[in-house]
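Protein chains: 2
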Amino acid sequence: MQPRILEVRTKILKKNDELARDLRTRFADQGVYVINVVSSPGAGKTELLTALMRELREQGVRVAAVVGDLATENDAVRLEQSGCKAHQILTGTMCHLEADMVENALEDFALAELDVVLIENVGNIVCPQSWDLGEDLRMLCFPSTEGEDKPLKYPTLINTCDLVALTKMDLAEIVEFDTELATRNCDEARPGVPVLRTSGKTGAGIPELARFIRDRAWSKAQVESRLGARSA
Amino acid sequence: MQPRILEVRTKILKKNDELARDLRTRFADQGVYVINVVSSPGAGKTELLTALMRELREQGVRVAAVVGDLATENDAVRLEQSGCKAHQILTGTMCHLEADMVENALEDFALAELDVVLIENVGNIVCPQSWDLGEDLRMLCFPSTEGEDKPLKYPTLINTCDLVALTKMDLAEIVEFDTELATRNCDEARPGVPVLRTSGKTGAGIPELARFIRDRAWSKAQVESRLGARSA
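Protein sequences, first through last, are from chains A and B. Under my numbering, the letters of the first sequence match residues 742 to 973, in that order. Under my numbering, the letters of the second sequence match residues 742 to 973, in that order.
Honestly, the hints are just simulated from the structure, not real lab data. Where hints are given, some of them may not hold.
Claimed, not checked - 30 Å max Cα-Cα, derived DSBU-like pairs, lysine-lysine:
#1 B/K894 <-> A/K826
#2 B/K752 <-> A/K752
#3 A/K755 <-> B/K755
#4 A/K752 <-> A/K894
#5 A/K894 <-> B/K942
#6 B/K756 <-> A/K752
#7 B/K961 <-> B/K755
#8 B/K894 <-> B/K752
#9 A/K942 <-> A/K826
#10 A/K894 <-> B/K826
#11 B/K961 <-> B/K826
#12 B/K755 <-> A/K752
#13 B/K756 <-> B/K942
#14 A/K755 <-> B/K942
#15 B/K894 <-> A/K894
#16 B/K756 <-> A/K756
#17 B/K755 <-> B/K894
#18 A/K894 <-> B/K756
#19 B/K752 <-> A/K755
#20 B/K942 <-> B/K826
#21 B/K942 <-> B/K894
#22 A/K826 <-> A/K961
#23 B/K826 <-> A/K756
#24 B/K756 <-> B/K826
#25 B/K961 <-> A/K756
#26 A/K942 <-> A/K894
#27 A/K961 <-> A/K755
#28 A/K756 <-> B/K942
#29 A/K755 <-> A/K894
#30 A/K756 <-> A/K961
#31 B/K894 <-> A/K942
#32 A/K942 <-> B/K961
#33 A/K756 <-> A/K826
With the rest of the complex left out, here is chain A:
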């Protein structure tokens, strides 16, 4: 990359980082826990998140979603089948979400009335890496149908993730997915990252994933409320 380009790119990223920091402060003030969900196209994100939102509701968590796609509003429609609200962002030719798109989408939501916001990113396991959306947790969906080697071949994004959900695990046996090897490869790319096994189709692993998120969200809310009480 030439110096001129690098400079411009750095400026855009810096602007995004500043906006993401503002968003993060706003999320903390409103007591909402935010997850940036990334994966390849067709990794089963929408199926997983629809099941997850339904489960979170049943566990008493107030949740909504924002979803980015180049075209079509299909995913927001699918996500709303969970009974929760979803806002579609259309990115046109853009290969990732940026903080300002999320900020605009949030105008639809009363943040103070939510516990968790899920942001479903554009299907891409390279470009979303550099774009902070102000999230608390970045989750990679990694489907059994993609092959065990993907964390090693696409190391940059997974290396910024805090959680991996293995998806489409109902197909693992059929596609001869070596779950142990895939888990080891995740750990090699991102040492210590928790890896949960899920299937949006059968519902396997969804209660565990929901509890993981709920615990993180409650824990954040407690910390924020203690900090709030101190500064009040």
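Model the placement of chain B on the given structure of chain A, informed by the hints.
Quick look at chain B alone, frame taken from chain A:
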């Protein structure tokens, strides 16, 4: 996108286009037919291309491959199991191949002794769209495991493709892939695009795909040789 950024981006793309044009002229002079193979990560590109190269060899076509990944040389090793030569390009954090990377990789090959070069792009169905590699044909691999809706949700790249290979068709029934619907969605995103059904695993559709490519390659070679004779 801000005007400043747009301007810089336009300049980079223009430079790439000029280099791609030079490559295209060079490929024509050497009588080699070049295919830019794009898809999501884990779409079965490498499996398909390994089977395809083996079949092309058997059909008397001299073929080699160039393959781009962020990390690991796994794919070149796998492609060479076909008995053909493969060169690995490591892109680092780059989400697509560019013409200069292909030009450098070609130093490994005696182009005049080849009929077909396959370029396996980085797994990404957004960003490779704008980057001409000097190819004659752009082929999208679209796996049954990804869901029928992908051509509508990611329309920009498929809209630059000349051929779609449905991959992992051995799994179509298990994942309840509606092949007719997927084919219609391809046609909606890119009217008239040929759609071939393949499986790198079972070999289904590979001879047909190889014949399609061989016919295109021979036809280009004949045109070039007639043009050469005329200008000589």
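The hints, checked one at a time:
no.	hint	in the structure
1	B/K894 <-> A/K826	holds, 21 Å
2	B/K752 <-> A/K752	holds, 18 Å
3	A/K755 <-> B/K755	holds, 26 Å
4	A/K752 <-> A/K894	holds, 28 Å
5	A/K894 <-> B/K942	holds, 21 Å
6	B/K756 <-> A/K752	holds, 22 Å
7	B/K961 <-> B/K755	holds, 26 Å
8	B/K894 <-> B/K752	holds, 28 Å
9	A/K942 <-> A/K826	holds, 21 Å
10	A/K894 <-> B/K826	holds, 21 Å
11	B/K961 <-> B/K826	holds, 22 Å
12	B/K755 <-> A/K752	holds, 22 Å
13	B/K756 <-> B/K942	violated, 39 Å
14	A/K755 <-> B/K942	violated, 46 Å
15	B/K894 <-> A/K894	holds, 25 Å
16	B/K756 <-> A/K756	holds, 27 Å
17	B/K755 <-> B/K894	holds, 27 Å
18	A/K894 <-> B/K756	holds, 28 Å
19	B/K752 <-> A/K755	holds, 22 Å
20	B/K942 <-> B/K826	holds, 21 Å
21	B/K942 <-> B/K894	holds, 27 Å
22	A/K826 <-> A/K961	holds, 22 Å
23	B/K826 <-> A/K756	violated, 45 Å
24	B/K756 <-> B/K826	holds, 29 Å
25	B/K961 <-> A/K756	violated, 49 Å
26	A/K942 <-> A/K894	holds, 27 Å
27	A/K961 <-> A/K755	holds, 26 Å
28	A/K756 <-> B/K942	violated, 47 Å
29	A/K755 <-> A/K894	holds, 27 Å
30	A/K756 <-> A/K961	holds, 26 Å
31	B/K894 <-> A/K942	holds, 21 Å
32	A/K942 <-> B/K961	violated, 47 Å
33	A/K756 <-> A/K826	holds, 29 Å
Violated hints, listed in ascending order, are 13, 14, 23, 25, 28 and 32; each of the other numbered hints is respected by the structure.
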